[in-house]
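All chains should be modelled from the sequences, with the hints used to inform the complete structure.
2 protein chains.
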Amino acid sequence: MLQSQLFSKTLRTVPADEVAVNARLLTQAGFIDKQLAGVYSFLPLGYLTVKKIEQVIREEMNAIGAQELIMTALQPKELWKRTGRWVTTEEVMFKIIEKDAEPSVGLAWTHEEAITEIAKRFINSYRDLPRAVYQFQTKFRNEPRAKSGIIRMREFVMKDLYSFHATREDLDTYYEQVKEAYLKIFQRCGLKALVVEASGGAFTKQYSHEFQVLSDAGEDNIVYCLSCNYAQNKEVSQVQAGDNCPLCGQAKIAQGKSVEVGNIFKLGTKFSEALELFYTNQVGERCPVIMASYGIGPGRVMGTIVEVHHDELGIIWPEEISPYRFHLLSLGEGDVQVKSEQIYNNLSSAGWEVLYDDRKESPGIKLKDADLIGLPWRLVVSAKTGDKLELKKRSGHTTEYLSFTELMNKFSVH
Amino acid sequence: MLQSQLFSKTLRTVPADEVAVNARLLTQAGFIDKQLAGVYSFLPLGYLTVKKIEQVIREEMNAIGAQELIMTALQPKELWKRTGRWVTTEEVMFKIIEKDAEPSVGLAWTHEEAITEIAKRFINSYRDLPRAVYQFQTKFRNEPRAKSGIIRMREFVMKDLYSFHATREDLDTYYEQVKEAYLKIFQRCGLKALVVEASGGAFTKQYSHEFQVLSDAGEDNIVYCLSCNYAQNKEVSQVQAGDNCPLCGQAKIAQGKSVEVGNIFKLGTKFSEALELFYTNQVGERCPVIMASYGIGPGRVMGTIVEVHHDELGIIWPEEISPYRFHLLSLGEGDVQVKSEQIYNNLSSAGWEVLYDDRKESPGIKLKDADLIGLPWRLVVSAKTGDKLELKKRSGHTTEYLSFTELMNKFSVH
Chain A
5 MLQSQLFSKT LRTVPADEVA VNARLLTQAG FIDKQLAGVY SFLPLGYLTV KKIEQVIREE
65 MNAIGAQELI MTALQPKELW KRTGRWVTTE EVMFKIIEKD AEPSVGLAWT HEEAITEIAK
125 RFINSYRDLP RAVYQFQTKF RNEPRAKSGI IRMREFVMKD LYSFHATRED LDTYYEQVKE
185 AYLKIFQRCG LKALVVEASG GAFTKQYSHE FQVLSDAGED NIVYCLSCNY AQNKEVSQVQ
245 AGDNCPLCGQ AKIAQGKSVE VGNIFKLGTK FSEALELFYT NQVGERCPVI MASYGIGPGR
305 VMGTIVEVHH DELGIIWPEE ISPYRFHLLS LGEGDVQVKS EQIYNNLSSA GWEVLYDDRK
365 ESPGIKLKDA DLIGLPWRLV VSAKTGDKLE LKKRSGHTTE YLSFTELMNK FSVH
Chain B
5 MLQSQLFSKT LRTVPADEVA VNARLLTQAG FIDKQLAGVY SFLPLGYLTV KKIEQVIREE
65 MNAIGAQELI MTALQPKELW KRTGRWVTTE EVMFKIIEKD AEPSVGLAWT HEEAITEIAK
125 RFINSYRDLP RAVYQFQTKF RNEPRAKSGI IRMREFVMKD LYSFHATRED LDTYYEQVKE
185 AYLKIFQRCG LKALVVEASG GAFTKQYSHE FQVLSDAGED NIVYCLSCNY AQNKEVSQVQ
245 AGDNCPLCGQ AKIAQGKSVE VGNIFKLGTK FSEALELFYT NQVGERCPVI MASYGIGPGR
305 VMGTIVEVHH DELGIIWPEE ISPYRFHLLS LGEGDVQVKS EQIYNNLSSA GWEVLYDDRK
365 ESPGIKLKDA DLIGLPWRLV VSAKTGDKLE LKKRSGHTTE YLSFTELMNK FSVH
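Each protein sequence line maps, in turn, to chains A and B.
Residue numbering for the first sequence follows this note's numbering, beginning at 5 and increasing consecutively.
Residue numbering for the second sequence follows this note's numbering, beginning at 5 and increasing consecutively.
Any given hint might turn out to be false.
For chains that are exact copies, the list does not tell them apart, and a pair is met inside one copy or across any two.
Unchecked claim - Restricting the straight-line Cα-Cα distance to at most 30 Å, the calculated cross-link-like pairs of lysine-lysine (DSBU-like) are:
#1 K364 x K124
#2 K85 x K38
#3 K99 x K81
#4 K124 x K151
#5 K238 x K99
#6 K124 x K370
#7 K256 x K343
#8 K38 x K151
#9 K81 x K13
#10 K188 x K55
#11 K188 x K414
#12 K256 x K124
#13 K392 x K99
#14 K396 x K238
#15 K414 x K392
#16 K343 x K151
#17 K38 x K124
#18 K13 x K274
Simulated from the structure, these hints should not be mistaken for laboratory data.
If you want it as structure tokens, here you go:
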């Protein structure tokens, strides 16, 4: 991509009302644009990034046999009344005015009701179980607090997965598979997520599990063992910082602020009973289907990455989800520009993802913008580099000088 | 994909309130599920199909240099008031209840306001022009008529492209490029679209252009020349069926019902003046940016394909956008099933897109379901086929018998 043609530009100033680091950096670097409090457009660079995160999630969902579909944002009151969630969720549910009457349509902030109704058409027998379906769908939540940039949005895409089982054992097995898949997803996105026990919330009386990333930008507080995998949300925990770990007994408990990047819930038969999703088992009995739901917000993951991976100069994208892998800067005119263009064309032909800064800007501005945008590898062509290229990792401090062939070899090995 | 594991099933009955052919066939074949009038979920088969249509559109948009982004559904009243469209569009715009006050947020049914505001951040000089950006975004329209299945939805994805130009000449050139790109898109989707002159509607006083596909399912009426490319929407046309063509004079004018599958508008400076999107030209003058917008609804395209490509037995998908290219049916047990499974595994390994009907159903049901679902190529393994496979094109009437190697050769040539 030619940076001179990019729809967005880096901005010199950020709106004063943006306090979150992720919102400030992503706005300044031209990744997002605020429409309303908690409502952001994703500009071409941001769109590429969030689509890469979605693709990581999609691959791990497909790997555990889940099928992709897409449900609707507009939802009928009658359906939500049957699970008792039309009234209880009214603070978070946007409702729609139709001809001055009592609203009968709302905007989905989750899809348990919708998927349960759909599943009734297709699940009738134990032979139809288990099933798992997921979607990437825009959710609307009328959050009172929307001050965390793209970490807490009022309109956001969520990957929500729903699974349907005949037995609790089958649910438990699949639930563990999803847990592993989620850990893989966060790892691929450059995040170290802890599996944290939390309240089941409106869904269940059992613990649910949250995936939490330690960060001062977080709105959650967790306690966690410094040695083993023990971790609980402070809201449900009896344990305090400084205690010995109740699980391993080997280490102390620490406490920290964290961002919830995913959560998984065993719903049990709450929705299947309310909406009458039953199946016939091997001996002819009608039983409610056992369900679970699992959510990740790709935009929130993107915001959390920025909170965790940045320095005073800008963003530092992890390799797998960076909008482009290389940032090629042409620092000069004439021969330098001719050489840069040739390199850009050669790399593009080889299928490399390159953002090429061909703008008529000073070297200082180009270097500063490259740090702000934060692609993993910076390639510089200048009078100084001669017939070599200067290569620098955004997360490192050293540069090396490579010929084009050496560059190709270095990255084709990986 | 194993059909036994597919989340949806073919249905024996279709809800009586579905009158449109596309809604009836797509519901029965398990592609879509109705949530509200004009509001449909896309189930795994339907999701795959609409994503293929989106990919065709994306490729042709990228080919004309447009950049993908995604804007927001939630829109502020203040912005829409500045173009005068908060009130005039209230019939179609869903508005949101917030704490009993006058609504201040609506759901976008189009994005001219939003993109113009965003563009102000990045377009200041003639050097920043031209630009073109597009999105696939959920639009909400409170349509009074929503009886045409997925051809007229109240919640639907639209690909909307917006272009920004310094001069009318530059706009005209790009407008023609988009027109060609749109014709390519519809051709790849198996649709013969006519470029039809129509009213500029709320946007412009010039003609706009609609892309219309002749079909009795359509809500539009067009007149068109049986020989040349002349076509007009009946709403704006002075010409009648039976007249001589006013353009070529060589042939008669015909009239027909049609579905509008896309439209393109020259917006001129309507939005840039209202929202103050100006650029500085080469001699330092401030001028309003000249704009155009261009829309295609992938769901409507999918519905139109079904209206145009079906017979009494079911859907007939065009090759490029079919959810799977091959439908492999195992009509038998024992050896037949072992052989089918082997073929399925071999084809899948070779990267072929195959839906494999491994269900324990009768041959009659499997053949009927295959015709209903309508994948382009049907492969049958049965006791009768011996060591060959029976191949039939969904749109044809003849079958042929091929060895596995012959099958591979036949399709690797293409």
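Structure-based check of all given hints:
{"no.": "1", "hint": "K364 x K124", "verdict": "between (60 Å within a copy, 21 Å between copies)"}
{"no.": "2", "hint": "K85 x K38", "verdict": "between (34 Å within a copy, 18 Å between copies)"}
{"no.": "3", "hint": "K99 x K81", "verdict": "both (9 Å within a copy, 16 Å between copies)"}
{"no.": "4", "hint": "K124 x K151", "verdict": "between (39 Å within a copy, 24 Å between copies)"}
{"no.": "5", "hint": "K238 x K99", "verdict": "neither (33 Å within a copy, 38 Å between copies)"}
{"no.": "6", "hint": "K124 x K370", "verdict": "between (57 Å within a copy, 22 Å between copies)"}
{"no.": "7", "hint": "K256 x K343", "verdict": "neither (57 Å within a copy, 59 Å between copies)"}
{"no.": "8", "hint": "K38 x K151", "verdict": "within (12 Å within a copy, 36 Å between copies)"}
{"no.": "9", "hint": "K81 x K13", "verdict": "between (43 Å within a copy, 27 Å between copies)"}
{"no.": "10", "hint": "K188 x K55", "verdict": "both (17 Å within a copy, 26 Å between copies)"}
{"no.": "11", "hint": "K188 x K414", "verdict": "within (26 Å within a copy, 40 Å between copies)"}
{"no.": "12", "hint": "K256 x K124", "verdict": "neither (48 Å within a copy, 54 Å between copies)"}
{"no.": "13", "hint": "K392 x K99", "verdict": "neither (60 Å within a copy, 59 Å between copies)"}
{"no.": "14", "hint": "K396 x K238", "verdict": "neither (41 Å within a copy, 62 Å between copies)"}
{"no.": "15", "hint": "K414 x K392", "verdict": "within (14 Å within a copy, 49 Å between copies)"}
{"no.": "16", "hint": "K343 x K151", "verdict": "neither (45 Å within a copy, 59 Å between copies)"}
{"no.": "17", "hint": "K38 x K124", "verdict": "between (40 Å within a copy, 13 Å between copies)"}
{"no.": "18", "hint": "K13 x K274", "verdict": "between (49 Å within a copy, 25 Å between copies)"}
Checked against the numbered hints given earlier, this structure breaks hints 5, 7, 12, 13, 14 and 16; the rest are met.
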